[in-house]
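Everything in the sequence shown is counted per full-length UniProt numbering, starting at 1 for the first residue and increasing by one.
Calculated directly from the structure, the hints in this document are not laboratory data. You can trust all of the hints, since none of them are fake.
Calculated pairs, DSS-like style, for lysine-lysine (alpha carbon to alpha carbon, straight line, at most 25 Å):
| hint | residue 1 | residue 2 |
| --- | --- | --- |
| 1 | K254 | K311 |
| 2 | K37 | K78 |
| 3 | K245 | K308 |
| 4 | K390 | K438 |
| 5 | K530 | K474 |
| 6 | K245 | K329 |
| 7 | K186 | K311 |
| 8 | K392 | K369 |
| 9 | K310 | K245 |
| 10 | K245 | K311 |
| 11 | K195 | K178 |
| 12 | K474 | K546 |
| 13 | K134 | K186 |
| 14 | K308 | K329 |
| 15 | K187 | K329 |
| 16 | K134 | K178 |
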Amino acid sequence: YSKCCGFRQKLLHLFILCQLSSVVTGHIRYSIPEEMKKGSLIGNVAQDLGLDLKRLRSGHARIVSGESIQYTELNADKGILVVNERIDREQLCGDTTPCSFSFEMILENPMELHQITVEITDINDHSPIFETDKINFDISESATTGARFSLTRSEDPDVGVNGLREYFLSENDHFVLKQHSNADGKKYAEMVLQKPLDREANPNLSLKLIAVDGGTPQRSGTVNINVAILDANDNAPVFNQSVYKAVVTEMSPKGTYVTTVNASDADFGSNSDITYHFSDRNSALNNLFRMDEITGMIYINGDIDYEKEKKFELRIDAKDQGGLTDSSKVIIEVIDVNDNAPVISVMSFTNSVSEDSPPGTTIGIINVKDLDSGDNGQVSCRIDGSAPFKMKSNLRKYYTLITDSVLDRETVSEYNVSVIATDGGIPPLSAQITFNVKVSDVNDHAPIFSQSVYSAFIKENNSPGLPFITLTAKDPDENQNARISYILEDTNIGGSSVSTYVSVNVETGVAQAMGTFDYEQIKEIVFVVKAQDGGSPPLSSNVTVKLIIQDQNDNPPQVLYPVQTGGSMVAEMVPRSADVGYLVTKVVAVDVDSGQNAWLSYKLQKATDRALFEVGLQNGEIRTIRQVTDKDAVKQRLTVIEEDNGQPSRSATVIANVAGADSFPEVLSEFTDFPHDKEYNEYNDNLTFYLVLALAVVSFLFITCLVVIISVKIYRWRQSRILYHSSLPVIPYYPPRYSDTLGTGTLPHVYNYEVCRTTDSRVSDCKIGGAGSQNVLIMDPSSTGTMQRIQSEKSIFDEPDSPLEVMKIYRWRQSRILYHSSLPVIPYYPPRYSDTLGTGTLPHVYNYEVCRTTDSRKSDIKFGEAGSQNVLIMDPSSTDTLQRIQSEKSILDDPDSPLEVSYSHQLIQFAFEHFIVQIHAFFFKKKNFFQLQMILIYVNQKYLMHVKFI
Numbered sequence: 001y002s003k004c005c006g007f008r009q010k011l012l013h014l015f016i017l018c019q020l021s022s023v024v025t026g027h028i029r030y031s032i033p034e035e036m037k038k039g040s041l042i043g044n045v046a047q048d049l050g051l052d053l054k055r056l057r058s059g060h061a062r063i064v065s066g067e068s069i070q071y072t073e074l075n076a077d078k079g080i081l082v083v084n085e086r087i088d089r090e091q092l093c094g095d096t097t098p099c100s101f102s103f104e105m106i107l108e109n110p111m112e113l114h115q116i117t118v119e120i121t122d123i124n125d126h127s128p129i130f131e132t133d134k135i136n137f138d139i140s141e142s143a144t145t146g147a148r149f150s151l152t153r154s155e156d157p158d159v160g161v162n163g164l165r166e167y168f169l170s171e172n173d174h175f176v177l178k179q180h181s182n183a184d185g186k187k188y189a190e191m192v193l194q195k196p197l198d199r200e201a202n203p204n205l206s207l208k209l210i211a212v213d214g215g216t217p218q219r220s221g222t223v224n225i226n227v228a229i230l231d232a233n234d235n236a237p238v239f240n241q242s243v244y245k246a247v248v249t250e251m252s253p254k255g256t257y258v259t260t261v262n263a264s265d266a267d268f269g270s271n272s273d274i275t276y277h278f279s280d281r282n283s284a285l286n287n288l289f290r291m292d293e294i295t296g297m298i299y300i301n302g303d304i305d306y307e308k309e310k311k312f313e314l315r316i317d318a319k320d321q322g323g324l325t326d327s328s329k330v331i332i333e334v335i336d337v338n339d340n341a342p343v344i345s346v347m348s349f350t351n352s353v354s355e356d357s358p359p360g361t362t363i364g365i366i367n368v369k370d371l372d373s374g375d376n377g378q379v380s381c382r383i384d385g386s387a388p389f390k391m392k393s394n395l396r397k398y399y400t401l402i403t404d405s406v407l408d409r410e411t412v413s414e415y416n417v418s419v420i421a422t423d424g425g426i427p428p429l430s431a432q433i434t435f436n437v438k439v440s441d442v443n444d445h446a447p448i449f450s451q452s453v454y455s456a457f458i459k460e461n462n463s464p465g466l467p468f469i470t471l472t473a474k475d476p477d478e479n480q481n482a483r484i485s486y487i488l489e490d491t492n493i494g495g496s497s498v499s500t501y502v503s504v505n506v507e508t509g510v511a512q513a514m515g516t517f518d519y520e521q522i523k524e525i526v527f528v529v530k531a532q533d534g535g536s537p538p539l540s541s542n543v544t545v546k547l548i549i550q551d552q553n554d555n556p557p558q559v560l561y562p563v564q565t566g567g568s569m570v571a572e573m574v575p576r577s578a579d580v581g582y583l584v585t586k587v588v589a590v591d592v593d594s595g596q597n598a599w600l601s602y603k604l605q606k607a608t609d610r611a612l613f614e615v616g617l618q619n620g621e622i623r624t625i626r627q628v629t630d631k632d633a634v635k636q637r638l639t640v641i642e643e644d645n646g647q648p649s650r651s652a653t654v655i656a657n658v659a660g661a662d663s664f665p666e667v668l669s670e671f672t673d674f675p676h677d678k679e680y681n682e683y684n685d686n687l688t689f690y691l692v693l694a695l696a697v698v699s700f701l702f703i704t705c706l707v708v709i710i711s712v713k714i715y716r717w718r719q720s721r722i723l724y725h726s727s728l729p730v731i732p733y734y735p736p737r738y739s740d741t742l743g744t745g746t747l748p749h750v751y752n753y754e755v756c757r758t759t760d761s762r763v764s765d766c767k768i769g770g771a772g773s774q775n776v777l778i779m780d781p782s783s784t785g786t787m788q789r790i791q792s793e794k795s796i797f798d799e800p801d802s803p804l805e806v807m808k809i810y811r812w813r814q815s816r817i818l819y820h821s822s823l824p825v826i827p828y829y830p831p832r833y834s835d836t837l838g839t840g841t842l843p844h845v846y847n848y849e850v851c852r853t854t855d856s857r858k859s860d861i862k863f864g865e866a867g868s869q870n871v872l873i874m875d876p877s878s879t880d881t882l883q884r885i886q887s888e889k890s891i892l893d894d895p896d897s898p899l900e901v902s903y904s905h906q907l908i909q910f911a912f913e914h915f916i917v918q919i920h921a922f923f924f925k926k927k928n929f930f931q932l933q934m935i936l937i938y939v940n941q942k943y944l945m946h947v948k949f950i
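Let the sequences and hints guide you as you build the complete structure.
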C-alpha cells in the first residue's frame, strides 16, 4: 500500500509539473537522509533558483505541498529550506524507491511557481522482524527428499542495501534453506528436505531462521522453527493454477465474493483432506480479505479503496492432513468508482480588498484535486451567485479568484463568495468553499452636514460652557475615514478671535458658549465649523453657524439728564410768568436693552406740588399744569420714575429740582438754605468769599490781557520798522504763517487759526480767513544784503488768525481737558448762550445742551434756530451716545456768530476758560457742586460786562 501510494504521488507531481511548465521558472532537487533533526539545512533555495532575498520577501514566498504534514519550512529571510518535521522514510514511502516528495514554492506579484523535490535516502534504522516468534511444522516422516516448506517472511522497512538481504538457517542434517524473490523484489525462504526424516530417531527438530540486512552495521532478526515429525503421507496437494486473477470494485460491501482457489491431493482418506490458508497470516491484507479454509473461496472483509491500492497480491497455501503443502498466487485488481468529491485547497487568499482596486485584482489562488481517475477526476470550478468576482484558470488544477468589476464599499461592504468545484463522474460530486471578502474603505467621501447654515439661539447672561447647538455631519466611509473631527475655523469678531466666544467639541460637535454674552455688546456671532475626517489625506466640509443672542431685560433705564451729582443740587428755573404747558426740563433716559425691553415710560412718583407739574408718559417732558404763583414754593422737588416694558420690568428714578423764581439772587437765597447732607453744609458760609475771589481773579486777568495786547501791538510795530529801515542784511527766516518764494516751503497756502471756546462746549466757532499766500518775502536779485518786503493792502499783522488754526488749537485743548478729566458735567451757560429764563443780552440766542455718558467722550449735540426750539433727541438704536442733528443753517452763517469776535476777545476768553477750569477742579475736590454752580453763574454775568466794555 505504501509503495503504491508513493508511486502514485510521484506520478501526480510529475503530471502537475508538466502542466505548469509554462509558469514554473525553476526546478531544484535535494537529497537528504531520513531522521534529520528539526531545523537541519536542506538547501539554499534562493541561491539555487537564482532569486534575490528581496524578491522572496516581496513575493510572500511560501511552500504549498497539499499534504497534511509539512516536512519542510522555508526561511524567506535567509532563503534556505530547513527540516520542519521528523522524516521517516519508511512511513513516508514504505517500500517505494527512490523515496521523494515534491512541493511548490509560490511567489506573488507576479505569480511564480517553482517545484522543489526532496529525495529521502534510507539509513539502516530498522532490523528485520518476523511477525511471530516461532514457526511450527508437522512433517510426515515419509516426506520425500526435496519437499519444500514455506517459512514466514521477515519484514525490514528499510530499502536498498539496508533492506533484507538474505536468510540463514541454523545447521541441521535434514533441511537446507532456499531463498526466492517476488516480483516486487521481496525475498522469502523455504526449507527443502534434503535427508529423509526418521520419526523414531528424532521426533522433533528445533531450528532457527535468521534474517539479516545489508546495512552498516548489519542488523538481523531471528525466529524459532519447531518441526514435529508425523507418520507417513507421501503426496502433497497441488493447485490447478499457479496464478489466480480477480477484479473487484472499490467500495464493495463486506462479504462480496472475489474468487475461488482449488488444489488436489493424490492421497486417500484423511491425508487427502486439504485446507486453504493465507501464507502470510499476519499480513494487513487479512483485514481486507477472508478465505474459506474448506472451499478456498475468497471474500471481501474490509473497505477497498482504489485511491489507496489499485491491486492486491495474495499467496495461498493448500495443506493436507499430513502436513504437505503447495502454494499459489492470487492477483486482485480494483476498479475505480466516483466516490471522491473534489478537494479544494487554498494556496493564497487575501480577505480584504480595497474598494479602489481595478478589475482583475487577484483575491486568492486555490488548488482543486480529485483522487478519482479518468472522468471521475476531471474537475471544473465556478462561482455561485452574482458576486462581482470570477474564476480564472491558467494552470491545470490551479484557479485564481479575481474581481470582475469596480467595487464600492459604501454599496456593499462584504461579500461571501462561494466557489463550487464539480467533477465529471456519474453522478457528479462537488465541493464548495466560501470566501469572506471584505471591501476595505478608501477615503473617497467628505463629511456632509444636513444643512448648509445652522441657526442657534441663546439668551444673554448665559452660564459659561452652556451648549447651544450640536452639529452632526455624516461620512459614509468607515473606521478612521469616518471619524469626524469638528474644528472651529479661526476668524475675528470685533478684533477678537472667535474662540474667545464659542468652542466646539472636536468629537461630539457640541458648540458651547465660552463666556457670558451681553446682547447690548454683541447681537449675533457668525462662525464657521469644519468637519474633517481622519482619512489620509483628510477630506472636509464647512458649515456656517449663526448664533443669535436673545435679549433679556437685564439693564435698568439709565438717566442721562438731569445728571445726578451725588450731594450737589441742580435746579431748573421756572419764571412765574411762565404759561401753562411751559417746558421746565426734559428727563432723558435710555435703556440699552432692545425691543419692548427698551420701551420706556415716565411717571411722576413724588412732587412737592403734584398739581403744578406733569411728566409726559413717552417723552419725559416736565411741563407746568397751571400758572406759577407767588403762593407756590420756590423750591420744588420732583421724583420721576422711568420704567421699561420688560418682564419683569426694571426702573430708575431721578430727582429734578425746580426753582420758581424770576432772578438768580432769589434762587440763590432760597437754595442756600436748602437742606442738604450734613457733610456739605459747612461750605455754605464760604459762598461770599468765593464770589469775591472770583471777581478779583477775573479783573486781574482782564488787566493782564490788556497789557499783553498793548505789548504785542508795540512789538509788531517795531518789527515792521526794522524791516523797512534797517540797513543790516536780512537773514532768511520763515515764520510758520509765511512761505518762501524759492520753492523750498512746504505750505503753498498758509491759514491762521483763532480760538474761541468755553469749558462746557466741545464745538468751536470759527471764521474762514483768506489764504495767506499773498504775504511773501521776495529776494531782490540785485541786492546782496537786504530783502524787500512787499506787503499786501492789509497788513499781515492786522489780519485775524485763520479759523482753521483756531479750530485745531481749540479742539486739541478741549479734547485734552474732556478726555482726561473725570469731573462731572455741570450745566453752565457761556456768554454766547442764554438760559431758559430769557435773561440773555444777545439779540440772537443759541441754546447749547450737554449730555455726557460715562462711557463716551464725545457729546452729541444739535444746533437750532434762535429761541428755545433746541431740543435733545435720543436715537433709540444708540446705547452710549446721542445723535447730533444740525439744522440746515449753520451757526457759522449767522451774522451774530462768535467768529466776528476780535482777537482781543479771544485772548480774554482763553484766560477766562482757564480760570473756570481751575474753579471747577477746586470745587469738585470739595464736592460742593451747588456752590460751584452759583459761582459760575455769577462769574458769567461779570464776564458779559467785560465783553460789552471791550
